[in-house]
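Work the whole structure out from these sequences, hints included.
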Amino acid sequence: MATDDFISNLPDEVLATIISGLPAIEAIRTTILSKRLKDVWRKVFRLDFDPKGVKKLSPRKQAVSAVPVIQFGSNNIDNVLLSHERNLISCRIVHLSNSYRNGDLEKWIKYLTSEKEVQELAFLCDDFQHEFYPKSLFGLGLNLPSGIFSCRTLQSLEFTNYDIRFHRPFHHCHNLKTLKLYYCDISTETLEAIVSSCDFMEHLSVCSSTSSLKQVRIFSQTVKTVELESLDLEGIYLSTQSLGTLVLHSMKFPAKSLVIHAPNLRVFTATRKPITKNPYNFTRPSKQTKIAEILEYCTHLLTPVNYKANDPMEDPNLFKNLRELTIDLDLNDRREMLILCIVLQRCLSLHQLEINIEESRSEIGEATRNYSSVNSRLPYPETKLWEQRELCDCITFTLRQVSIKGFNGKDGEMEFPRHLITKCAKLERLEIWCNHDWSSEGGKATLGLLSLPRSSIDVSILLKPPPNLFIVLEDGSCKKSNWETMATNDFISNLHNEVLARIISDLPAIEAIRTTILSKRWKDLWRYASRLDFDPKGVRKLYGDDIDDPREEISRVVENIENVLLSHKRNLISCRIVHLLSSCRNGDLEKWIKYLTSEKKVQELAFRCDDFQQEFYRRSRSGRGLNLPSGIFSCETLQSLEFTHYSIRSDSPFHLCHNLKTLKLYHCAISTETLEAIVSSCDLLEHLSVCSSPSRLKQVRIFSQTVKTVELGSLRSQGIYLSTQSLGVLVLHSMKFQAKNLVIHAPNLRVFTATRKPMTKNSDNITKIAEILEYCTHLLTPVNYKANDPMEDLNLFMNLRELTIDLNLNDRREMLILCIVLQRCLCLHQLEINIEESRSEIEEATRDYSSVNNRLPYPETKLWEKRGLCDCITFTLKQVSIKGFKGKDGEMEFPRHLITTGAKLERIEIWCNHDCSREGGEATLGLLSLPRSSIDVSILLKPPPQFDGSFGRWVSTLD
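Residue numbers for the sequence shown follow full-length UniProt numbering, so the first one is 1 and each next one is one higher.
Rather than coming from a laboratory, the hints here were simulated on the basis of the structure. Using N, Cα and C, we set each Cβ at its ideal position, and we do this for glycine too. Some hints could be false.
In silico DSS-like links for lysine-lysine, alpha-carbon gap of 30 Å or less [unchecked claim]:
#1 LYS224 / LYS214
#2 LYS110 / LYS35
#3 LYS740 / LYS698
#4 LYS569 / LYS591
#5 LYS594 / LYS569
#6 LYS878 / LYS43
#7 LYS708 / LYS757
#8 LYS107 / LYS180
#9 LYS224 / LYS405
#10 LYS698 / LYS661
#11 LYS38 / LYS116
#12 LYS180 / LYS252
#13 LYS569 / LYS601
#14 LYS523 / LYS569
#15 LYS224 / LYS252
Pair ranges (Cβ atoms, derived) [what the hints assert, rightly or not]:
#16 ILE517 / THR396: 56 to 62 Å
#17 SER652 / GLY949: 57 to 63 Å
#18 GLU552 / ARG418: 51 to 57 Å
Here it is, written out as structure tokens:
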């Protein structure tokens, strides 16, 4: 009947995050969608002034022009930046060259770095090829003030299509970590000066520079990543102890002029395919340097025998500490296979290898003509090169993942993957991506790899067809490739150990330990789980096993708890232990607590004595309580404690619990004095839950200035006395007490919940919610009453935001009480009413309230119409949920009043009861046709949970 508006329910921060992914033009256009989104764009943390982003979202044919149209003028950018209301993480501006000439570029940079404290800046001059580039040859460089980028928050800079002739703007850039220069005209000296000016630069990218850049010289001790692409150079000289990643794409330079000193190099990538797009048709190097040639000089294969490395920059083994290697080679070429073999022998710690087989064979053949010393005849067939060569240490001991792309299944190519499968003892994953022009013989030979004996029992071999997934047959027809069924992707094995440990943490401790048999990878993962749950019932939930004697199962788990805790290797976030009474007697409980708090630095602890009902409860009456040392819970990391089925006679274990924030006591025997002493001992206690305590808890008295949440359930007490300035949430479930003894002083109460749904099976004589509300609103207080007790707040609901109660909307007295409560609520946002099904108890309770239940001067169905408007319904109430609705006359009046008078209402949910009549269902449907006071309100009518279908369909099935 109505569609849920999930977007409107999201907080502003989430909406701002979503809008941040749009171009600035589209982000501003969201203001017309609704009032809610009117000002959300002002809080986005990313602004992208790029019209191409809009074209991608809504492509349409436009007239082709020599200069691309920039939809954001400089004035519009100024207005947007001034209207924006928060600091920016990143900003990207696409402009024309006139923005540089008239000073707009300088103005934007100063405003973004000083006012917006931007962290990432990107600029693109979009008419570089048309106007700006020719003038740059005559000396018109990017002239900005000295030190303009020396902002304490700026960490990343990106320039595209600029002539950078001076390094002055980069002076004192002590916080700049990333610099990217795409299609920029920059000289060797300027680039070197910029790198030396940025003291903490970690990432440098240079792509497609002009001929002004003759060499790349980097002498820095902070640079960790260098990316060079599509450059025509005379040499590359890198000397940095911190360099961990080196990427070379589509480069042209004399390989003998590549000098690298990077003892900590971890990632090396060298390919001949450009990575970045070239939208401006910038000239790329015509004859790119071959990767095999680069590797030969990096491994000193072409260095004379009597050569001595006098230059400290030249590292004799560049690949010693390498972890990841990505290269373009031809596995069918004998020379390049030898080079690969020598490179792998130099790699002592390689974990990941990716090889892209080059398609062009002619260039490789031409390149091999000058290497007669390397390409000499071997004393064995070429296909047995890997079989006759000595084993590489990295293949035997360290290599884990290998990916080969462009595979054709030829004899020369097959030898390397065969060698990996049969010799690589630590290999976990081998991916082979076949080329689009593979033959049927090559495909069958590739499939044969699956039948080879494997050196590693954990290896998964994945054979991938070409990306198009369709095979063209000889008759011209197509059929879908079934290679995907040859091997299944093992996504779990690709996850990081921390993620796997997090998944295992959600299992019971028994099942977490059983994962060790799955594979070698999983052998020790359970030892790093952040949560341990020693509960055999958790195992029964997984498998549905019925255990005849649960005590025996618990005993088996308890016997192994000590061994499991000693074998575990990391600190714990939480631990839950279910045990028998014997663990209390023999000191195991005390031993576990001490070990978990001192050694494991546990944050959340939960204990449950599972034979409480059989033996422990009877003995607790004779004086055998939970006997633990004083201050045993005074751990600096412990923040949450939960006890179930215990007798707590003393507060001494809780002494000096300065960091405990949450305490939950379920089915525990505890006295009023002990509970009060425990609360006073915990200086920072914020959450207190007490459920189903025996009759020893006569009263609940809480006098604390830190407690924020109190939950009381299924308690039989004589009174409840709460006095705390910080109390924000009060929950009462199935309570039995005298409502006149409910005294609450909580001026900052935000959430109040009072229901009669029992948390235990015994639900006789539960105090009625209507009676609790009468005393909370002082309806039953004498007229001449004066509040001498400072604990009694005359308006408990003044600051209330959320209210959840059980009431009967067909009862006149309870409807009057609800009306008075809502009049006391000045800031209510959310209301939930559960209509009670039992009518006899309510009618019996109203017999003693003749003063309240007297005859009204108008029909009962017009109660809300004749009563004065409540401020919360008119101005603040946004969400209402009514459950157990039957569509009777008395119930209908309240939702009618909400729909026609709730000006700020956004959502009304009405859940009908299972025994609703057809007349009631049709009357409920009539609510959709009422005039609505709020234009944003959505009315959702829900059938009972057991019915699967729409509300209208459910009504049609009623008798």
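Each hint tested on the structure:
no., hint, verdict
1, LYS224 / LYS214, "holds, 22 Å"
2, LYS110 / LYS35, "violated, 33 Å"
3, LYS740 / LYS698, "holds, 15 Å"
4, LYS569 / LYS591, "holds, 18 Å"
5, LYS594 / LYS569, "holds, 17 Å"
6, LYS878 / LYS43, "holds, 23 Å"
7, LYS708 / LYS757, "holds, 23 Å"
8, LYS107 / LYS180, "holds, 21 Å"
9, LYS224 / LYS405, "holds, 28 Å"
10, LYS698 / LYS661, "holds, 25 Å"
11, LYS38 / LYS116, "holds, 21 Å"
12, LYS180 / LYS252, "holds, 20 Å"
13, LYS569 / LYS601, "holds, 12 Å"
14, LYS523 / LYS569, "holds, 13 Å"
15, LYS224 / LYS252, "holds, 23 Å"
16, ILE517 / THR396: 56 to 62 Å, "violated, 26 Å"
17, SER652 / GLY949: 57 to 63 Å, "holds, 59 Å"
18, GLU552 / ARG418: 51 to 57 Å, "holds, 54 Å"
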